[in-house]
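S.K.: Chain by chain, the residues run as shown.
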Amino acid sequence: MSNQIIRVLRDPECIKTFVQNDWMILVQQTYACYLTGRLAYLFKKNDLMDSIPHKVRWHFESATTMAEAHKIDISIEIKKIRQALKMTGVKPVFLKGTAYLLAEDEAGRGRTFADVDIYVPKERLGAVENALSWGGWSKEQLTPYDESYYYHWMHEIPPMIHSIRGTTLDVHHNLMPLTSRFNFDAGKLNAQDQTTPGVLPPEDRLLHSIVHLFMETSYEKGLRDLSDIDLLIKQFSSSDSRFWQVLLNRSEELGLNRLLFYGLRYAQIILGTSIVDSTFIRLKDNGMPNRFILSIMDKIVIAVMSDTKKEKSLPLQISHFALFVRGHWLKMPLHTLTYHVIHKSFNNLRDLVVNSDK
Amino acid sequence: MKLAEVESAQLSHLLQGEGLIVQTGRFTSRINSSSENISNDILTLYGNTDFIESKLYDFNVEINPGKGLRKWLRPQITFSFSSIQPFTPLPANQATPMLEWGLNWCVSNHYHQNIIIHAAVLEKNGKALILPGQPGAGKSTLCAALAYSAGFRLLSDELTLIELDGSKVNPNPRPVSLKNKSIDIIREMVPGILCTETVHDTQKGSVSLFRPADKAVENANKPAKPGIVLFPKFNPDIAEYELIEVSRPHALVELANQSFNYPVLCQQGFEALSAFIDSSQCFRLEYNGDLAKAIEIIEDLMLYE
Chain A
4 MSNQIIRVLR
14 DPECIKTFVQ
24 NDWMILVQQT
34 YACYLTGRLA
44 YLFKKNDLMD
54 SIPHKVRWHF
64 ESATTMAEAH
74 KIDISIEIKK
84 IRQALKMTGV
94 KPVFLKGTAY
104 LLAEDEAGRG
114 RTFADVDIYV
124 PKERLGAVEN
134 ALSWGGWSKE
144 QLTPYDESYY
154 YHWMHEIPPM
164 IHSIRGTTLD
174 VHHNLMPLTS
184 RFNFDAGKLN
194 AQDQTTPGVL
204 PPEDRLLHSI
214 VHLFMETSYE
224 KGLRDLSDID
234 LLIKQFSSSD
244 SRFWQVLLNR
254 SEELGLNRLL
264 FYGLRYAQII
274 LGTSIVDSTF
284 IRLKDNGMPN
294 RFILSIMDKI
304 VIAVMSDTKK
314 EKSLPLQISH
324 FALFVRGHWL
334 KMPLHTLTYH
344 VIHKSFNNLR
354 DLVVNSDK
Chain B
138 MKLAEVESAQ
148 LSHLLQGEGL
158 IVQTGRFTSR
168 INSSSENISN
178 DILTLYGNTD
188 FIESKLYDFN
198 VEINPGKGLR
208 KWLRPQITFS
218 FSSIQPFTPL
228 PANQATPMLE
238 WGLNWCVSNH
248 YHQNIIIHAA
258 VLEKNGKALI
268 LPGQPGAGKS
278 TLCAALAYSA
288 GFRLLSDELT
298 LIELDGSKVN
308 PNPRPVSLKN
318 KSIDIIREMV
328 PGILCTETVH
338 DTQKGSVSLF
348 RPADKAVENA
358 NKPAKPGIVL
368 FPKFNPDIAE
378 YELIEVSRPH
388 ALVELANQSF
398 NYPVLCQQGF
408 EALSAFIDSS
418 QCFRLEYNGD
428 LAKAIEIIED
438 LMLYE
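So the sequence lines, in the order shown, correspond to chains A and B. Each residue of the first sequence is one higher than the one before, starting from 4 at the first, in my numbering. Each residue of the second sequence is one higher than the one before, starting from 138 at the first, in my numbering.
If you are wondering where the hints come from, they were derived from the structure by calculation, not from laboratory data. Fair warning: there could be bad hints in the mix.
As the list claims (entries may be wrong) - Taking lysine-lysine and the DSSO-like style, the derived pairs with C-alpha atoms no more than 27 Å apart in a straight line are:
#1 B:LYS359 to B:LYS139
#2 B:LYS192 to B:LYS264
#3 B:LYS192 to B:LYS261
#4 A:LYS58 to B:LYS318
#5 B:LYS370 to A:LYS58
#6 A:LYS312 to B:LYS192
#7 A:LYS58 to A:LYS125
#8 B:LYS305 to A:LYS94
#9 A:LYS19 to A:LYS58
#10 B:LYS192 to A:LYS58
#11 B:LYS316 to A:LYS19
#12 B:LYS359 to A:LYS58
#13 B:LYS318 to B:LYS370
#14 A:LYS312 to A:LYS287
#15 B:LYS341 to B:LYS305
#16 B:LYS192 to A:LYS47
#17 A:LYS58 to B:LYS352
Stated by the list, open to error - Now the stretches of chain B that chain A is said to cover, found in silico as 3 or more residues with beta-carbon under 8 Å:
#18 197-203
#19 320-333
#20 356-368
#21 393-405
What the hints assert, rightly or not - Estimated spans, in silico, between C-beta atoms of each pair:
#22 A:LYS47 to B:GLN147: 40 to 46 Å
#23 A:GLU107 to B:GLU190: 56 to 62 Å
#24 A:GLY169 to B:LYS352: 50 to 56 Å
#25 B:GLU190 to A:GLN197: 47 to 53 Å
#26 A:LYS82 to B:GLU173: 36 to 42 Å
#27 A:GLN197 to B:PRO212: 55 to 61 Å
Beta carbons: idealized from backbone N, C-alpha and C, even for Gly.
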């Protein structure tokens, strides 16, 4: 099946040559990749809504309606979170989708997401958790194992759900798992954006987006996240001529060159993002993996990102699995990972056997 | 050509291969399935719809057996929409009910051109009769009785689609899903009615699906004007029946609460419902299960101007 969604993300104008079958493939792929709202935004922005056949257009119109409602919901949520945390004096930093909306990034347009993510300093975590429970958020019931998994190894606490609105809030106290292979000092992230209070500055917003995607274990929404990265790069590099310089300095400071390299490389290869040559030259000695690793990463990342049907052919399954293992590998040292995998598989197997009696 | 006239070998071939495009109410769905029996059930339920040759469709769905260990241990069935699986898998014998629930989900989650209420809706003399109701209120039973024995035209037994200007209800005629006791009630009331074999032990108890009448399917593009909004309540303990007029603001709030996409449409949704309710009359009907009596009352109500 041809990959219409990647074609459209690269060049929305290409729909002008679409025949019926292309449209059916595109609609299927936009839903499968959680990109219906994003495409609707790109079509509107490029004045292409009229080039969509009538029978197909409603999908994109509906997605726009949903994204607009989502934006209102999230802005209410932001207000409530700030109100709840007021008593602690902590000013939360909003991350990911919420940050894009707040900063009015293009990556926030037409994008819907389930959870709001915030970052708070680790030493204030107790106060923040308390204030949030006063405000109506509470943690899901977890098994003792999962509970200790979050607190000892992860960079966030278990999701908190608001008892009335049902919204989910992820509270991060670091931007990467505590056990992660990347040595990362979250304290350095407290710098807030100059124009929008409550979000990371552009270079950190992009880095966080890249780190998040390339430390992932599941790539179900991989293409959407890569498209976020593409839009952020386009927006930041066109509005600030010093952007690449600032980005590279920052990435070096935080020790994230390897992940930055992947982010830029795959955005360029898959979505055609334009990246100034000097950036890759600078990353070549410090960031780029060796040839062997690079050729494997090229194969599996491109395969997984282009997997628009979640079709489980064997090579694709292997690629997904390879990234799954890689993600965990990056998050935890081997002994921790082994322990975690054994524990989880045992529980899954037990559930399967026990529940089969029902 | 109607779906029933297509050779069954061709239907199975399409279902298992490039997909069978079915007129599922006002939407078209491309259905893929390797599940046994589903081909027969589709014929039973959609046999009177037009066989579609166009290659444009609204929803792309699959209903297929689970993979891995599950194939042997407690076989299951999964529903997917554009490769997304919104539900946990169900036991394999629930394939057809799952397909129907899945198709409802496709509409209520993605179609925001109309405000969608969880309610049955029928038409008589051009006017809509909307029957919202919590599970157990008897809306489906009442809806089936009105559709199959009282000359009402079925618009939908589950999703009421109201145009955003509040001027009309758009039909989405699909199989009627009946549960538990009401299955036999309707089978006895309408001998020879086409329906699927009852599936027991689903989340909603026993379920059987009934094919909508030809009239409902043929008029799938003919909307109905606002008429009556009737909140039914099945109460076996009352002697006869009780009919109370409901105030319009009250009815509006109840409809908004039962709407799938009111939170998505926000102000537009409120305006649509207000306009619609302004031209409707709203009642609450408590009845003891005497369907003949309930039908009589409703027919009277529909004569109101």
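S.K.: The structure should be examined with respect to each hint, and the outcome stated for every one.
M.R.: Hints versus structure:
Between the alpha carbons of B:LYS359 and B:LYS139 the distance comes to roughly 19 Å, so the proposed pair stays at or under 27 Å and holds. Between the alpha carbons of B:LYS192 and B:LYS264 the distance comes to roughly 34 Å, so the proposed pair goes past 27 Å and is violated. Proposed proximity of B:LYS192 and B:LYS261 is contradicted: the alpha carbons are some 34 Å apart, above 27 Å. For a cut-off of 27 Å, the pair hint linking A:LYS58 to B:LYS318 is broken: about 40 Å separates their Cα positions.
With a CA separation close to 39 Å, the supplied pair B:LYS370 and A:LYS58 exceeds the 27 Å bound. A C-alpha spacing of about 19 Å is found between A:LYS312 and B:LYS192, which places the hinted pair at or below 27 Å, so the restraint holds. A hinted pair counts as satisfied when its Cα atoms are at most 27 Å apart, and A:LYS58 with A:LYS125 does not qualify at roughly 51 Å. Restraint check for B:LYS305 and A:LYS94: the C-alpha separation of about 49 Å exceeds 27 Å, so the hint is violated.
Under the criterion of a C-alpha separation no larger than 27 Å, the hint pairing A:LYS19 with A:LYS58 is consistent with the structure, at around 16 Å. Restraint check for B:LYS192 and A:LYS58: satisfied, since their Cα atoms lie roughly 11 Å apart, inside the 27 Å limit. Between B:LYS316 and A:LYS19 the CA atoms are separated by roughly 48 Å; this puts the pair beyond 27 Å, and the hint is violated. Taken as a hint, the B:LYS359 and A:LYS58 pair is honoured in the structure, with Cα atoms around 18 Å apart against an allowance of 27 Å.
Annotation: proposed proximity of B:LYS318 to B:LYS370 holds, straight-line Cα distance about 16 Å (limit 27 Å). Pair hint A:LYS312 plus A:LYS287 does not hold up; C-alpha atoms about 34 Å apart against a cutoff of 27 Å. About 31 Å separates the Cα atoms of B:LYS341 and B:LYS305, which puts this hinted pair outside 27 Å; it is violated. With a C-alpha separation of about 26 Å, the suggested pairing of B:LYS192 with A:LYS47 holds against the 27 Å cut-off.
At roughly 24 Å between alpha-carbon atoms, A:LYS58 and B:LYS352 fall within 27 Å of each other, so this suggested pair holds. Residue count for the region 197-203 of chain B with a Cβ under 8 Å from a Cβ of chain A: 1. That is fewer than the three needed, and the coverage hint is violated. With 0 residues bearing a CB less than 8 Å from a CB of chain A, the region 320-333 of chain B misses the requirement of three and the coverage assertion fails. With 0 residues carrying a beta carbon less than 8 Å from a beta carbon of chain A, the region 356-368 of chain B misses the three-residue requirement, and the given coverage is violated.
Given a C-beta distance limit of less than 8 Å, the hint that chain A covers the region 393-405 of chain B holds, as 4 residues qualify and 3 suffice. The supplied range of 40 to 46 Å is met by A:LYS47 and B:GLN147, whose beta-carbon atoms lie about 41 Å from each other. Take A:GLU107 and B:GLU190: their Cβ atoms lie about 46 Å apart, and the range 56 to 62 Å is violated. About 41 Å separates the C-beta atoms of A:GLY169 and B:LYS352, a value inconsistent with the hinted range of 50 to 56 Å.
Distance hint for B:GLU190 and A:GLN197: a CB-CB separation of about 59 Å, inconsistent with the stated range 47 to 53 Å. At roughly 53 Å, the beta carbons of A:LYS82 and B:GLU173 sit outside the given window of 36 to 42 Å. Take A:GLN197 and B:PRO212: their Cβ atoms lie about 59 Å apart, and the range 55 to 61 Å holds.
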